[in-house]
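*Asks:* Below, each chain spelled out in residue letters.
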Amino acid sequence: MDGKMGFQLVDTTFRDGEQSAGVVFSTEEKINMAIALDRAGVTWIEAGTPAMGQEEQETLRSLLALPLRATLIAWNRAELADIRASLACGFSCIHISLPVSDLHISQKLKKDREWVIQQLRTALQLVQSYGCTITVGAEDTSRADSDFFLQFADVAAQYGATRIRFADTVGCLDPFMTFDRLQDVVKRCSLPIEFHGHNDFGLATANTLAAFQAGVQFASVTLAGIGERAGNASLEEVVASLEKFYGYHCGIEASHLGSLADLVAKASNRPLFPYRPVVGSVCRMTM
Amino acid sequence: MRQMVMVSDQTINEALRLGTSMADIELMIPILEKYGIANIDVSLDYLPSDGVPKQIPLYPLLRCKIYSSLEEIAKVRQMGFSKVIVSWFHQPSQSSLDQLTDALTAVQEFAQEIYLCIENAEDLSIPELTSYWPLLSRYRVKRFIYQDVRSSLEPLGVCRKLESLQQTIPCPIEFHGHNTYGLATANSLAALRSGVQYVAAAVGGIGSPNHAAMEEVLMAVKHLWKQDQVPSGSSLTADCIGILSYMGISLPVDKALIGRDVFAHESGIHVDGITKNPLLYEVIRPEEVGQTRQLVIGKHSGTASLKIKFLQWNLELDQAEALEMLEKVRRLASVQKRPLSDLQLHQLYWQRNQMDQSQLG
Numbered sequence: 001m002d003g004k005m006g007f008q009l010v011d012t013t014f015r016d017g018e019q020s021a022g023v024v025f026s027t028e029e030k031i032n033m034a035i036a037l038d039r040a041g042v043t044w045i046e047a048g049t050p051a052m053g054q055e056e057q058e059t060l061r062s063l064l065a066l067p068l069r070a071t072l073i074a075w076n077r078a079e080l081a082d083i084r085a086s087l088a089c090g091f092s093c094i095h096i097s098l099p100v101s102d103l104h105i106s107q108k109l110k111k112d113r114e115w116v117i118q119q120l121r122t123a124l125q126l127v128q129s130y131g132c133t134i135t136v137g138a139e140d141t142s143r144a145d146s147d148f149f150l151q152f153a154d155v156a157a158q159y160g161a162t163r164i165r166f167a168d169t170v171g172c173l174d175p176f177m178t179f180d181r182l183q184d185v186v187k188r189c190s191l192p193i194e195f196h197g198h199n200d201f202g203l204a205t206a207n208t209l210a211a212f213q214a215g216v217q218f219a220s221v222t223l224a225g226i227g228e229r230a231g232n233a234s235l236e237e238v239v240a241s242l243e244k245f246y247g248y249h250c251g252i253e254a255s256h257l258g259s260l261a262d263l264v265a266k267a268s269n270r271p272l273f274p275y276r277p278v279v280g281s282v283c284r285m286t287m
Numbered sequence: 001m002r003q004m005v006m007v008s009d010q011t012i013n014e015a016l017r018l019g020t021s022m023a024d025i026e027l028m029i030p031i032l033e034k035y036g037i038a039n040i041d042v043s044l045d046y047l048p049s050d051g052v053p054k055q056i057p058l059y060p061l062l063r064c065k066i067y068s069s070l071e072e073i074a075k076v077r078q079m080g081f082s083k084v085i086v087s088w089f090h091q092p093s094q095s096s097l098d099q100l101t102d103a104l105t106a107v108q109e110f111a112q113e114i115y116l117c118i119e120n121a122e123d124l125s126i127p128e129l130t131s132y133w134p135l136l137s138r139y140r141v142k143r144f145i146y147q148d149v150r151s152s153l154e155p156l157g158v159c160r161k162l163e164s165l166q167q168t169i170p171c172p173i174e175f176h177g178h179n180t181y182g183l184a185t186a187n188s189l190a191a192l193r194s195g196v197q198y199v200a201a202a203v204g205g206i207g208s209p210n211h212a213a214m215e216e217v218l219m220a221v222k223h224l225w226k227q228d229q230v231p232s233g234s235s236l237t238a239d240c241i242g243i244l245s246y247m248g249i250s251l252p253v254d255k256a257l258i259g260r261d262v263f264a265h266e267s268g269i270h271v272d273g274i275t276k277n278p279l280l281y282e283v284i285r286p287e288e289v290g291q292t293r294q295l296v297i298g299k300h301s302g303t304a305s306l307k308i309k310f311l312q313w314n315l316e317l318d319q320a321e322a323l324e325m326l327e328k329v330r331r332l333a334s335v336q337k338r339p340l341s342d343l344q345l346h347q348l349y350w351q352r353n354q355m356d357q358s359q360l361g
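One line per chain: the protein sequences are S and A, in this order.
Read in order, the letters of the first sequence are residues 1 to 287 in this note's numbering.
Read in order, the letters of the second sequence are residues 1 to 361 in this note's numbering.
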């Protein structure tokens, strides 16, 4: 299977991006970035976590009120209260996340695989009853048993989920491992896969491209790669690379990349490194 | 088992381009040497007109990169370099390699080690590249440098191409990638995977054009591929920051491995996990690269984070106190657009405590 047909990016600057230590976006900044992302052609925006509280919910409602073509997604733990907060905000596209590695299940949740599956079922029943579009995230997939990931995806598919996120939560894959793992699971998975890479060894963009080559249909990215620890795969690098190496236009206009990165740099108070690929001052591409 | 990784340094060359003083460069070289640097590449164009003082420690590591003009060759000879990279840009229309062979002949007269670099090697077909092989033997070229000057390769392609070339080339290959698209570290790893032992890299990935980040290549090999021969990273962060400071370059806070905040955790879920077992959200221990873990209290904190933070000061918060304080923390973080300082947290705590006292009174 070839991922080139219909490969799409999911921007998570407002969720995973803002979760990087020390970063806070104002409502106004989020609105400006959402409009800019939409204009650039981004079709999926993970907008935030309504369970964070009233203030966040107000911001999210402002985003939902914008006349965007992009679909806004609410990120949730598989907790009914969290999901209800998302529904109350007015989200119609709901992301449910649970870990799938034994390390996370046993040491973070202090539960077992059966509990995870049951928790997913309970959460999805609620979301399904509201007729929402569902996406499901499998945290720490890169350190999980592939067969359990596939079982988890099967359950998500039963409840009408439209895709499953394969998260390299701690950035422990290289492109060769990514290609091998994804090529295997893409063939066996009951849902389209979204690859979610982290940049702990500087490999997030390369891993995202390897996942694309392995046939995944979606990938998570953030502006300027902002995100937990060393960040996520950067939207600019992935968009520019897809065009350069595979002649694939994912619908996002390359001419917008520099100004998008400038917006997030200002909002996060993190100036762009001059040597940063695609958008740094020493390396800025003219497209 | 994969081979040892040897780095051809490109950091010093960027320092020269930026006009860093020779005195500072002399201080940078011993720090780099800790990381198994095989060579330090310098472009003739960036060198002071009188060359490099020979008393520089590790002078023997320096390789001077030139193009094929006889004038440049004379200069390098006069400066006393014994290791020379002859750099060549392949033109498809080139019918003759006479200029290159003349250069190699001239360099052979004085250089102890000759390297041939094709800057746009990625543009060449295998037969085109193979046409250079006779020169490698004739001039006893120590290594052929496969440069990807326009960043035209991605990792799977690098591995495939270099594996194929190594079957026929008469000398070892060195890979010199660039980072226009953010793939240089991955491409260097791909080269190593193909059996190549030498790769170009610079601290923080600097250079014009930019390079693979030395710290990423070394630590990926050490931790993702579990290669113990790679030097210890226990002072890596301080060393990289130190080297870059001589050039007036400061790193972004999220620079992989060595950025200030790459072991800082704020979000409630992550802090809760880190407290249970750091491996849940850290791929390596911060000490592996000379960093320390930080707990940041801000907009994305949860009650668990607050309890842990205050417990560090021997102040125990119950769930109700933590929830009440969390709301204030989130509001304040949103207003000031940054996390809370320890002082601010103390103020919130004591304000609340004083209120309790006054209500009691």
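Take these hints with a grain of salt, some might be off.
Claimed, not checked - Residues from chain S that keep clear of chain A, each with C-beta distances beyond 12 Å, as calculated:
(1) Ala21
(2) Ile31
(3) Asp38
(4) Leu64
(5) Thr71
(6) Leu87
(7) Ser92
(8) Cys93
(9) Arg143
(10) Val186
(11) Ser190
(12) Ser259
(13) Pro274
Unchecked claim - Derived Cβ-Cβ restraints for the label pairs, each shown as a range:
(14) Ser341(A) <-> Ser259(S): 45 to 51 Å
(15) Gln166(A) <-> Lys111(S): 36 to 42 Å
(16) Gln183(S) <-> Gln91(A): 34 to 40 Å
(17) Leu315(A) <-> Ile31(S): 57 to 63 Å
(18) Asn314(A) <-> Asp102(S): 34 to 40 Å
(19) Met4(A) <-> Gly251(S): 40 to 46 Å
(20) Arg69(S) <-> Asp318(A): 43 to 49 Å
Claimed, not checked - Cross-link-like lysine to aspartate or glutamate pairs, in silico, EDC-like; alpha carbons within 16 Å at most:
(21) Lys222(A) <-> Glu288(A)
(22) Lys328(A) <-> Asp342(A)
(23) Lys337(A) <-> Glu55(S)
(24) Lys222(A) <-> Glu287(A)
(25) Lys75(A) <-> Asp45(A)
(26) Lys244(S) <-> Asp123(A)
(27) Lys111(S) <-> Glu79(S)
(28) Lys142(A) <-> Asp123(A)
(29) Lys307(A) <-> Glu327(A)
(30) Lys75(A) <-> Asp98(A)
(31) Lys307(A) <-> Glu324(A)
(32) Lys266(S) <-> Glu29(S)
(33) Lys187(S) <-> Asp147(S)
(34) Lys307(A) <-> Glu287(A)
(35) Lys75(A) <-> Glu109(A)
(36) Lys83(A) <-> Glu113(A)
(37) Lys276(A) <-> Asp102(S)
(38) Lys226(A) <-> Glu324(A)
(39) Lys142(A) <-> Glu128(A)
(40) Lys244(S) <-> Glu122(A)
I should point out that these hints are in silico values taken from the structure, not numbers from a laboratory.
Built from N, CA and C at the ideal position, the CB exists for glycine as well.
*Asks:* Indicate, hint by hint, whether the structure satisfies it.
*Replies:* Verification of the supplied hints:
1. Once the 12 Å rule is applied to beta carbons, alanine 21(S) is inconsistent with being away from chain A; the minimum gap is 4 Å.
2. Even its closest Cβ contact with chain A, about 15 Å, leaves isoleucine 31(S) beyond 12 Å, as expected for a residue assigned away from the interface.
3. Against the 12 Å criterion, aspartate 38(S) stays outside the reach of chain A, whose nearest CB is about 23 Å from its own CB.
4. Against the 12 Å criterion, leucine 64(S) stays outside the reach of chain A, whose nearest CB is about 19 Å from its own CB.
5. With a least CB separation of 23 Å from chain A, threonine 71(S) remains clear of the 12 Å interface cut-off, as annotated.
6. No Cβ of chain A approaches the Cβ of leucine 87(S) within 12 Å, the least distance being about 21 Å, so the stated non-interface status holds.
7. Non-interface call for serine 92(S) relative to chain A: holds, since the shortest CB-CB distance, roughly 24 Å, exceeds 12 Å.
8. Every CB of chain A lies more than 12 Å from the CB of cysteine 93(S), the least distance being 21 Å, so the non-interface label holds.
9. At roughly 9 Å from the closest C-beta of chain A, the C-beta of arginine 143(S) falls inside 12 Å, breaking its exclusion from the interface.
10. With 12 Å as the threshold on Cβ separation, the claim that valine 186(S) sits away from chain A holds: the shortest Cβ distance comes to roughly 16 Å.
11. In this structure serine 190(S) is separated from chain A by more than 12 Å, as the shortest Cβ-Cβ distance comes to about 27 Å.
12. Remark: the non-interface label on serine 259(S) is consistent with the geometry, its nearest Cβ contact in chain A lying 18 Å away (cut-off 12 Å).
13. Listed as outside the interface, proline 274(S) is inconsistent with that label: its C-beta sits roughly 8 Å from the nearest C-beta of chain A, within the 12 Å cut-off.
14. Range check, serine 341(A) to serine 259(S): Cβ separation about 33 Å, and the 45 to 51 Å hint is violated.
15. The hint said 36 to 42 Å for the Cβ distance between glutamine 166(A) and lysine 111(S), and at roughly 49 Å that hint is violated.
16. Between glutamine 183(S) and glutamine 91(A), the C-beta spacing of about 38 Å keeps the proposed range 34 to 40 Å intact.
17. Remark: the range hint 57 to 63 Å for leucine 315(A) to isoleucine 31(S) is contradicted by a beta-carbon distance near 38 Å.
18. Between asparagine 314(A) and aspartate 102(S) the C-beta distance comes to about 35 Å, which sits within the given range of 34 to 40 Å.
19. In this structure the hint that methionine 4(A) and glycine 251(S) lie 40 to 46 Å apart at CB holds, the actual value being about 44 Å.
20. Roughly 47 Å separates the CB atoms of arginine 69(S) and aspartate 318(A), a value that falls within the hinted 43 to 49 Å.
21. Restraint check for lysine 222(A) and glutamate 288(A): the C-alpha separation of about 10 Å stays at or below 16 Å, so the hint holds.
22. Between lysine 328(A) and aspartate 342(A) the alpha-carbon distance is near 14 Å, which keeps this suggested pair within the 16 Å criterion.
23. This hinted pair checks out: lysine 337(A) and glutamate 55(S) have alpha carbons roughly 14 Å apart, not beyond 16 Å.
24. Among the hinted pairs, lysine 222(A) with glutamate 287(A) is consistent with the structure: their alpha-carbon atoms are about 14 Å apart, no more than 16 Å.
25. Distance restraint check for lysine 75(A) and aspartate 45(A): the Cα-Cα separation of roughly 11 Å lies within the 16 Å cut-off, and the hinted pair is therefore satisfied.
26. At most 16 Å may separate the alpha-carbon atoms for a hinted pair to count; lysine 244(S) and aspartate 123(A) meet this at roughly 14 Å.
27. Note on lysine 111(S) and glutamate 79(S): the hinted pairing holds, with a Cα-Cα distance of about 15 Å set against a maximum of 16 Å.
28. For the suggested pair lysine 142(A) and aspartate 123(A), the alpha carbons sit about 23 Å apart, so the restraint of at most 16 Å is broken.
29. Distance restraint check for lysine 307(A) and glutamate 327(A): the Cα-Cα separation of roughly 14 Å lies within the 16 Å cut-off, and the hinted pair is therefore satisfied.
30. Distance hint between lysine 75(A) and aspartate 98(A) is unfulfilled; the C-alpha atoms sit about 21 Å from each other, more than 16 Å.
31. About 12 Å separates the Cα atoms of lysine 307(A) and glutamate 324(A), which keeps this hinted pair within 16 Å; it holds.
32. Proposed proximity of lysine 266(S) and glutamate 29(S) is supported: the alpha carbons are some 9 Å apart, at most 16 Å.
33. Restraint check: the Cα-Cα separation between lysine 187(S) and aspartate 147(S) comes to about 12 Å, which is no more than 16 Å; the hinted pair holds.
34. A threshold of 16 Å between alpha carbons decides the hint, and for lysine 307(A) with glutamate 287(A) the separation of about 25 Å lies outside it, so the pair is violated.
35. Under the criterion of a C-alpha separation no larger than 16 Å, the hint pairing lysine 75(A) with glutamate 109(A) is consistent with the structure, at around 14 Å.
36. Taken as a hint, the lysine 83(A) and glutamate 113(A) pair is honoured in the structure, with Cα atoms around 5 Å apart against an allowance of 16 Å.
37. As the CA atoms of lysine 276(A) and aspartate 102(S) are separated by approximately 14 Å, the hinted pair is consistent with the 16 Å bound.
38. Of the pairs offered as hints, the one joining lysine 226(A) and glutamate 324(A) is violated, with about 46 Å between alpha carbons and a cut-off of 16 Å exceeded.
39. Between the alpha carbons of lysine 142(A) and glutamate 128(A) the distance comes to roughly 20 Å, so the proposed pair goes past 16 Å and is violated.
40. Using a Cα cut-off of 16 Å, the hinted pair lysine 244(S) and glutamate 122(A) holds, with the two alpha carbons roughly 14 Å apart.
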